[in-house]
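J.: Taken in order, these protein sequences are the chains called W and H.
Residues in the first sequence are numbered from 1 upward in steps of one, following my numbering.
Residues in the second sequence are numbered from 291 upward in steps of one, following my numbering.
Hints may contain errors.
[Stated by the list, open to error] Have a look at the derived ranges for each label pair, beta carbon to beta carbon:
id : chain 1 : residue 1 : chain 2 : residue 2 : range
1  : W       : V169      : H       : R494      : 51 to 61 Å
2  : W       : G59       : H       : H339      : 28 to 38 Å
3  : H       : S414      : W       : A89       : 24 to 34 Å
4  : W       : P24       : H       : R494      : 37 to 47 Å
[Said to hold, decoys possible] Some residues of chain W that are not near chain H, with every Cβ distance over 12 Å (derived):
id : residue
5  : G11
6  : L78
7  : P80
8  : L134
9  : K160
10 : D173
11 : Q181
12 : R243
13 : V247
14 : T258
It should be emphasised that the hints constitute simulated quantities derived from the structure, not laboratory data.
We put the beta carbon where it would ideally sit given N, CA and C, even for glycine.
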Amino acid sequence: MVNRLYEPTSGHIRIDGTDILELPAPQLRRGIGYVIQQTGLFPHMRIADNIAVVPRLLGWDKKRIHARVDRLLDVVGLPPDIYRRRYPAQLSGGEQQRVGLARALAAEPTMMLMDEPFGALDAITRSRLQEELLQIHRRFGQTVLFVTHDIEEAVRLADKIVVMRQGQVVQYDTALKIVTQPADPFVAELVGTDDVLRRLSLLAVGAAMEALGRTIPDGQPVVKRSASMRTALSILLEKQTDRLTVVDEDARPIGEITMGTVQAVSAITDVPGERPASLRAPGGQPAQKD
Amino acid sequence: MGNINLSYLFEHPRRVFDLSVEHLTLALTVLAVALVLALPLGAIATRFHRLTLPILAILGAIYTIPSLAFLAALIPTPLGLGRDNALVVFVAYAQIFLVRNIVAGLRGVDPAMLEAARGIGMTSWQVFRQVRWPLALPVIMAGVRTALVTTISITSIAATVAAGGLGELLFTGLTRPPRIGLPMIVAGTVAITTLAVFTDILLRLLERQTAAAKAIRAAR
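Hey, can you work out the whole structure from these sequences and the hints?
T.: Here's what the structure looks like:
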């Protein structure tokens with residue numbers, strides 16, 4: 001509905017304050033990078049032409065399109081000299097989805113709409129593409145509206161999550177809040193209330209850490225921000241320590257995780273409409289409830 | 291019988307050539323007129339699902355009308371004898387091949403593909419021009435090929451209503467004593483078959499040049 005493939009029957013959708021109904025639909029859509037399940041690449045066009053579709057609709061000149069296609073193929077990790085002239089059917093599912101991503105990014109959209117883009121991929125490819133999407137997002141920084149049925153994917157990728165059930169918004173919150181303070185039994189079940197380890201493995205370290213507030217002592221064990229809290233916990237236990245330094249992809253320290261952080265996210269606040277589940281921490285001791 | 295006598299072909303090459311040109315010209319004219327009709331008809335049959343079956347059924351029924359009867363039936367009309375009469379009959383016959391494949395080609399394009407095209411910002415015309423039409427083209431061209439080859443063979447009977455073509459050799463040959471007539475019939479048959487076979491090959495090569503066909507080959 002955001003790109004008006006379906007028209008709203010009531011209410012308004014605004015992007016940067018502008019009602020989407022104010023623009024002609026094709027013009028609106030050209031400004032929104034669109035990635036769909038099964039890629040939707042055009043089988044009769046070569047990879048370069050597929051990526052160039054929207055820039056051509058916008059009337060970019062050839063040189064600019066050529067340079068843009070090369071750059072994007074590099075960004076998604078497909079060497080242009082090998083892939084430019086291939087047809088979609090010559091690529092694997094993962095490669096096709098990378099091209100789909102490149103096509104969506106082609107016209108430098110301010111916003112991306114991704115409709116279950118990785119749903120049809122195997123687990124390993126999906127995980128790798130998720131990681132790449134995060135990196136691309138850090139680089140270009142557009143808003144991404146990402147639709148998924150996979151709560152792990154949602155928690156891993158999102159800054160903010162909207163949980164929907166039968167067309168109703170159930171909860172709109174950060175990943176951390178969704179996992180630690182589910183708004184109702186539905187969300188609680190989705191994130192696995194009564195399974196601490198599952199919830200820990202959902203949450204990325206980056207979402208739960210305390211941002212760098214003071215200098216972190218050297219020699220502390222480190223954990224990547226994209227790792228899960230479960231990984232963080234096992235490092236904490238393994239190294240017999242209660243503090244970890246969180247680092248970004250370039251190994252720069254950006255925050256800290258303590259045993260307290262793990263306990264805080266393990267605990268769950270009362271779910272409205274449900275008796276609190278009894279929780280057990282990994283060590284077999286009762287988890288601390290707040 | 292038994293002797294394939296090519297003597298007429300060698301003694302009157304000019305006449306066979308002229309009749310071949312006349313034959314091909316008539317067939318191509320039929321195809322051109324038929325396409326002008328079939329494209330909108332095919333578009334309507336594709337767009338309106340309730341009309342698809344009736345349209346194809348009517349065109350199929352037209353194709354079953356015996357050709358000599360069809361030609362004869364038009365003689366009392368203002369079309370009378372000659373080229374226009376043959377043109378109308380053959381255009382009517384060609385419709386089924388063209389419209390059927392236009393519908394099959396356009397319908398055969400994955401709807402998800404069309405939604406993707408719309409979703410990234412193509413107008414309806416751009417979706418048709420850049421996605422739907424090129425993807426349907428191999429199937430549509432196969433229809434054009436069948437229509438043209440069929441028309442070339444059936445144009446042989448155009449001579450019965452004085453519309454010319456290689457049929458002249460066949461029907462004149464039938465009225466002559468076998469010694470003179472048979473070589474004429476052989477020459478006509480050989481020429482018609484050659485035209486049909488080469489047209490078929492040529493159009494097949496053309497089909498292979500479409501973007502969709504290239505993409506399919508590349509994937510093998």
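J.: Next step is simple, just say for each hint if it's right about the structure.
T.: Hint by hint, here is what the structure shows:
1. Against the hinted window of 51 to 61 Å, the Cβ-Cβ separation of W:V169 and H:R494 comes to about 57 Å, which satisfies the hint.
2. Evaluation of the 28 to 38 Å hint for W:G59 and H:H339 yields a pass: the beta carbon distance comes to about 36 Å.
3. As the Cβ distance of H:S414 to W:A89 is approximately 26 Å, the hint placing it in 24 to 34 Å holds.
4. For the pair W:P24 and H:R494, the beta carbons lie near 42 Å from each other, so the given range of 37 to 47 Å is met.
5. Distance check for W:G11 against chain H: the nearest CB is about 21 Å away, which clears 12 Å, and the non-interface claim stands.
6. For W:L78, the condition that its CB be more than 12 Å from all CB atoms of chain H holds, with the nearest at approximately 16 Å.
7. Against chain H, the non-interface label of W:P80 holds: every CB pair exceeds 12 Å, the least being about 18 Å.
8. Separation of W:L134 from chain H is adequate, the least Cβ-Cβ distance of about 23 Å exceeding the 12 Å criterion.
9. For W:K160, the condition that its CB be more than 12 Å from all CB atoms of chain H holds, with the nearest at approximately 23 Å.
10. A cut-off of 12 Å between C-beta atoms confirms that W:D173 is not in contact with chain H; the least separation is 28 Å.
11. Every CB of chain H is more than 12 Å from the CB of W:Q181 (nearest about 35 Å), matching its label as outside the interface.
12. With a closest Cβ-Cβ approach of about 48 Å to chain H, W:R243 is found to remain outside the 12 Å limit, as its non-interface label requires.
13. For W:V247, the requirement that its beta carbon stay farther than 12 Å from each beta carbon of chain H is met, with the minimum near 37 Å.
14. Residue placement check: W:T258 keeps its beta carbon more than 12 Å from all beta carbons of chain H (closest about 45 Å).
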